[in-house]
Structures are given as C-alpha cells and as structure tokens.
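Could you build the full structure based on these sequences and the hints that come with them?
Take the sequence shown: its position 144, counting from 1, is numbered 144 in my numbering, and each next residue is one higher.
It is worth saying that the hints were derived from the structure and are not from the lab. Any given hint might turn out to be false.
Stated by the list, open to error - Computed cross-link-like contacts, PhoX-like style, restricted to lysine-lysine with a CA-CA straight-line distance of at most 25 Å:
(1) 337 x 225
(2) 387 x 524
(3) 433 x 455
(4) 387 x 244
(5) 414 x 387
(6) 364 x 337
(7) 455 x 244
To be verified - DEER-style ranges, computed between Cβ atoms:
(8) 475 x 209: 27 to 37 Å
(9) 291 x 578: 20 to 30 Å
(10) 379 x 445: 20 to 30 Å
(11) 400 x 233: 23 to 33 Å
Beta carbons are placed, not taken as given, at the ideal position from N, Cα and C, and that holds for glycine.
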Amino acid sequence: MKKLSDLDELLDLDEEDAFDETEDAFEEDVFEEEDDYEFEYAGNMPDKRILLLVIAVAVIGVAAVAAAVLLAGGSRKKEAAVETLVSSASGEAEPDSGETAGGQEQMAENDPTSDGTGTADQADAAADDTDKQNASAEAGETADDGEAVQEDAAQEQDPQTSTMSTEQGTEVNVTELLSSGSVAQTDQVTIGIDVARYQGTIDWEQVAASGIDFAMVRVGYRADKSREICADSNARFNMQEAQKHGIKVGAYFFSTATTTQEAVEEAGWVADYISQYQITYPVAYDCEGFDQPDSAQYGLTNAERTEIAIAFVTEINNRGYTPMFYSSMGELTGSAKWDTQRIEEICRVWVAQYPETPYPQTAKSSYTGAHVMWQYTNRGTVAGISKPVDVNVAYFGYEGTAQARSDEAPEEAKADVEALMNFTQVSENVTAKDSTNLRDIPSQGADSRVVYTLKNGEAAARTGVSDSGWSRLEWNGQTVYAVSSYLTTDISYQAPAVSSQEGAGSGDGLKTKFAERNDQVTAKIEVNLRMLPSVTNPDAAVAAVLHNGEYVTRTGINEEYGWSRVDYNGQILYCISSYLTN
Numbered sequence: 001m002k003k004l005s006d007l008d009e010l011l012d013l014d015e016e017d018a019f020d021e022t023e024d025a026f027e028e029d030v031f032e033e034e035d036d037y038e039f040e041y042a043g044n045m046p047d048k049r050i051l052l053l054v055i056a057v058a059v060i061g062v063a064a065v066a067a068a069v070l071l072a073g074g075s076r077k078k079e080a081a082v083e084t085l086v087s088s089a090s091g092e093a094e095p096d097s098g099e100t101a102g103g104q105e106q107m108a109e110n111d112p113t114s115d116g117t118g119t120a121d122q123a124d125a126a127a128d129d130t131d132k133q134n135a136s137a138e139a140g141e142t143a144d145d146g147e148a149v150q151e152d153a154a155q156e157q158d159p160q161t162s163t164m165s166t167e168q169g170t171e172v173n174v175t176e177l178l179s180s181g182s183v184a185q186t187d188q189v190t191i192g193i194d195v196a197r198y199q200g201t202i203d204w205e206q207v208a209a210s211g212i213d214f215a216m217v218r219v220g221y222r223a224d225k226s227r228e229i230c231a232d233s234n235a236r237f238n239m240q241e242a243q244k245h246g247i248k249v250g251a252y253f254f255s256t257a258t259t260t261q262e263a264v265e266e267a268g269w270v271a272d273y274i275s276q277y278q279i280t281y282p283v284a285y286d287c288e289g290f291d292q293p294d295s296a297q298y299g300l301t302n303a304e305r306t307e308i309a310i311a312f313v314t315e316i317n318n319r320g321y322t323p324m325f326y327s328s329m330g331e332l333t334g335s336a337k338w339d340t341q342r343i344e345e346i347c348r349v350w351v352a353q354y355p356e357t358p359y360p361q362t363a364k365s366s367y368t369g370a371h372v373m374w375q376y377t378n379r380g381t382v383a384g385i386s387k388p389v390d391v392n393v394a395y396f397g398y399e400g401t402a403q404a405r406s407d408e409a410p411e412e413a414k415a416d417v418e419a420l421m422n423f424t425q426v427s428e429n430v431t432a433k434d435s436t437n438l439r440d441i442p443s444q445g446a447d448s449r450v451v452y453t454l455k456n457g458e459a460a461a462r463t464g465v466s467d468s469g470w471s472r473l474e475w476n477g478q479t480v481y482a483v484s485s486y487l488t489t490d491i492s493y494q495a496p497a498v499s500s501q502e503g504a505g506s507g508d509g510l511k512t513k514f515a516e517r518n519d520q521v522t523a524k525i526e527v528n529l530r531m532l533p534s535v536t537n538p539d540a541a542v543a544a545v546l547h548n549g550e551y552v553t554r555t556g557i558n559e560e561y562g563w564s565r566v567d568y569n570g571q572i573l574y575c576i577s578s579y580l581t582n
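Right under this line is the structure:
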C-alpha cells in the first residue's frame, strides 16, 4: 500500500497516461477526419485533462477521509477494550467505553432540545454519516475486541465470584476472604467434626463411612509459658487420613498470641505446616481461656485481642487460605469479649453454642450474629472415635477438593499412640511380676497387637510411666507398652501363687455375694467385663472391654474378692473393682 507522500507521483503518472491515450487517438483520427476536426479536438483537450485531474483529487480525498475515520474508530475501540480488561482485573465496575460516551455526547449535540450552545454543524453530521456507512468495514477489524468483551462478561459471571459476594447474606468489607483456592463453593449444608490429639487415634475409614463431610483439624498451639509454637501430635496423621478417605479438611490453631507480631508468626507457621495437604475448608483462629490469671493474654482489652485476631486471619488470607474466627456465643454477643462487628466484616465466624436439643431437632443456632459454621455439641459420638468429639454444621460446602499449596508430597505420618497420655520420662529396668503382654500401642483393645509376652525374670528397659496406668518399654529395639501394675523394678521378684491373683479368691464365682450399689463408673484404662466374677472359671469368658470414658452403672460390689457387678448395655457383667474409677 502506497503512503500519502506518494500521491503526487500517482497523480503525474495518471495524468501522463491519460494524455498519451488521447494523443494516440487523435493521431489516428487526423488521417481520417477533416482539418476542422483537428482544431476542434485541440480546443477541447485541455478541458478533459482538467476534468480528469479534478476527479482523481476528489477520489483520493474521499479515501483519505475514510482511512482517517477507520483509524480513529479502531483506536477508540482498542482503548475501550483495554480499559474493560483493566477494570475487570482490578475488580472495579466496568466503566462506559470511550466510544459509548462519545456517542452520548454526539446525541446531545444533535438533540435540538439540548441545553448546549448550539446544534451540530454540517461537518459533524457528515462525519457521523460516514461512521455509519463504514460500519461493515469496521466489523471485521473489531471482531477480536468483541471476543475480549465477551470474555470479560464471562469472568464477571463466574459462579465462584457470585458465591463469594453473597455467602454471608450481609455486607462485608473483604469479600475475597470468602474464597478457597480454585474450588467452587456451594450453599449445601455440610456436617463436620473438629479434632485434636484429645480424640486419640482416629479410625478415619469408619468416620468417612458414618457420613461426615469435613474435619477441622487442630494443627498446633502456642505454649503459654515458653511461647513456643508446637504442632498437635496427631495433626499430620489426621489431615493425611481424613484426606485419604475423602473427607474434606480445614484447620484451626489454638493461639495465645499477645501481640500482632506473634499472631502473624503463628499464621505463617500454620500456612507452612498445612501447605502439603489439601485444605479445602477454612483455617480458623481459636483463642480461649484469656480471662484466667495464668494466661499470657490475661489483661488484654477487647480491642487488643481483636487486633491480634485480625492480624492472624489477614496473614492466613495473604497466604492463600480462607480465614475464619472461632468463639462462643457468649463471648461474641454484644461484643462481650471481642469487637464482633470488626471481626464479622473481615472474615467468617464459627460460633459455639450448645442447645439442650441438638441439631437437627434444633434447626439453627440461637446466636443472631453473622456466622457460617455452628459447633452445636462437644459430646458427639462418631464411629471410629473413642472419645467425645465436637460436631459442627457448616452452611456451605465445596464442589471439589482444593489442591495442596506445596508441590512437595508429605512424608507418611503415623498416629501418636501416646496422644491421650502424659508420660514421665524414666530410665530403669523392669520385669513382669508374673507375665504380661507387650503391645504396640497402649491399649488392650482390638486395635492393639501383642508383640511379646514378657515373663517374670526377663528384663526390659522402661523409658516412661503414665498416670493412665501404662508404661513405655524398649524391647529388642522396638517401643512397646505394658500395664504398669503388672511390672516391677525388682528383677529378682518371684511370681506369686495363682490363688493370690487379684479376683482369684472368688473361685468359680458362682457363689460370690454382692452388696448393692448404684453409681457410674468407667475404666482407669481398660478392663475386661466377664460373664462371671472369676478369672479361673472357663465359663467366665470376656464379653466386652470397657474403655476409659465409657460409663456403666455399677449395681453391686464384693469387697472380699475385689469384684464389681455392672450393667453394660442391659447385660449383667463382672469386672475387677481396682480397674475402675468414678
């Protein structure tokens, strides 16, 4: 395509060619026509040359005007498309494009009822007509711009974005805090539990089969005195196993931060700790017990505690997780312990409120403040968990599972079998008073495995003693556990006669007499419940094992031989009294 600077050359060439053609025709005619025709043609020739020149100039002028209009229109459209993309990326409302604004101004200028300084002149009207006439030509050039606008519209209709903006049902300051990676959120009600080492070793396969949707896993805490951040000893195992069995995972941290700097440090630690796991549900800030004099947070004001909490949830958000704040209804209502309104504006709220009649008989929490998760009991019973557990209703769910933030896979985690017990470190040799089973975990239940039966006179190294009644031993390079009462540090100890075995004095148990009792008892650790009050009668089979935390009604006691009679699920059974506690 020629540049405008070449127009003079084009004009000269066209003019010379036109003249040559005319001259040739004249020469042919001159031999056939009379001389007067020659003078007539010679007289008309300058007029035709002038006419051709005028036509050429007019055509080129029109082309130049059309080209200028096209360039200006395309530029305006591209600038408008760029503005649209920038506004969409920044999250702002899409402004009117320059083209639309210009059109509105043009309409105002052409409107005879306008309050403008005058009507549009002839040139503006002509330019407007020219734009309309060239609309078909512009259509092909601006097709890409149209696709960009359609893409912007699709982004604005993103279902995740719309869910984030309406989830709370009330206005919030930071709607982006309601996201969870790239997993689309739903308004489905989901049921979950929150767990820590206090629940012991959880059988997550059974939990999944029970229908639990999600688990909020305690990942750690900050010690009050040492100020050290500590991991929950079962956190990795719980996240790993819940994830493995299809239960969506969230997390919480028990904070004792006294400054915003400590809160940010805690949040950073949490984000790093959970980065190898698929955290779909929120990451919560949990702060309790600050009114107790021995708490590091004792004496902080509501405003100070709130600033610390906001520092934590903000850093969690900065690290790419959905933050949430946990507290009780009593602490939140009327801003009793927290600046509740500020917290509601910055993140989600998880409230604890325990009705007399649990969910679903009680359909919703009596807490009237904004909240998206409700902890409705701390005494839930769930298959696969031997201890009472907190149960929650979340007024949201997720269509999929979030991916781990880290590309590095976590190492295989094992359960902390000592999670429910505090062991005091010792270093001594012990032997069995008679014989005792060495188990792989401190439990006599079906989940434990007998590694070896230690006999009287065989020595093992004891490394820990728990007030729960278990000892930790080292046997052939393996950590094992035994009931402490069956062990002695006297390696020369001689096993007593069978008749002195606890409970053995009752013989076959058929004539054992019981004094009436009516009290609730549980096992100190675990105790066998037998069909008869005897350890020698073959008919005194073990019918069940009572675990610590499981309560039964004791209906009778025999002080002479040390037996108790209990009602276990409607069945009368017997156990050794010294293994029980109230």
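These are the hints, each one checked on the structure:
A threshold of 25 Å between alpha carbons decides the hint, and for residue 337 with residue 225 the separation of about 23 Å falls inside it, so the pair holds. Between the alpha carbons of residue 387 and residue 524 the distance comes to roughly 14 Å, so the proposed pair stays at or under 25 Å and holds. For the hint pairing residue 433 with residue 455, the CA-to-CA distance comes to about 8 Å; that is within 25 Å, so the pair holds. With a CA separation close to 22 Å, the supplied pair residue 387 and residue 244 stays within the 25 Å bound.
Between residue 414 and residue 387 the alpha-carbon distance is near 19 Å, which keeps this suggested pair within the 25 Å criterion. A C-alpha spacing of about 23 Å is found between residue 364 and residue 337, which places the hinted pair at or below 25 Å, so the restraint holds. Taken as a hint, the residue 455 and residue 244 pair is broken in the structure, with Cα atoms around 40 Å apart against an allowance of 25 Å. Taking 27 to 37 Å as the suggested C-beta distance range, the pair residue 475 and residue 209 conforms, at roughly 35 Å.
Between residue 291 and residue 578 the CB atoms are about 40 Å apart, so this pair departs from the stated range of 20 to 30 Å. Range check, residue 379 to residue 445: Cβ separation about 21 Å, and the 20 to 30 Å hint holds. Separated by about 30 Å at the C-beta atoms, residue 400 and residue 233 satisfy the suggested range of 23 to 33 Å.
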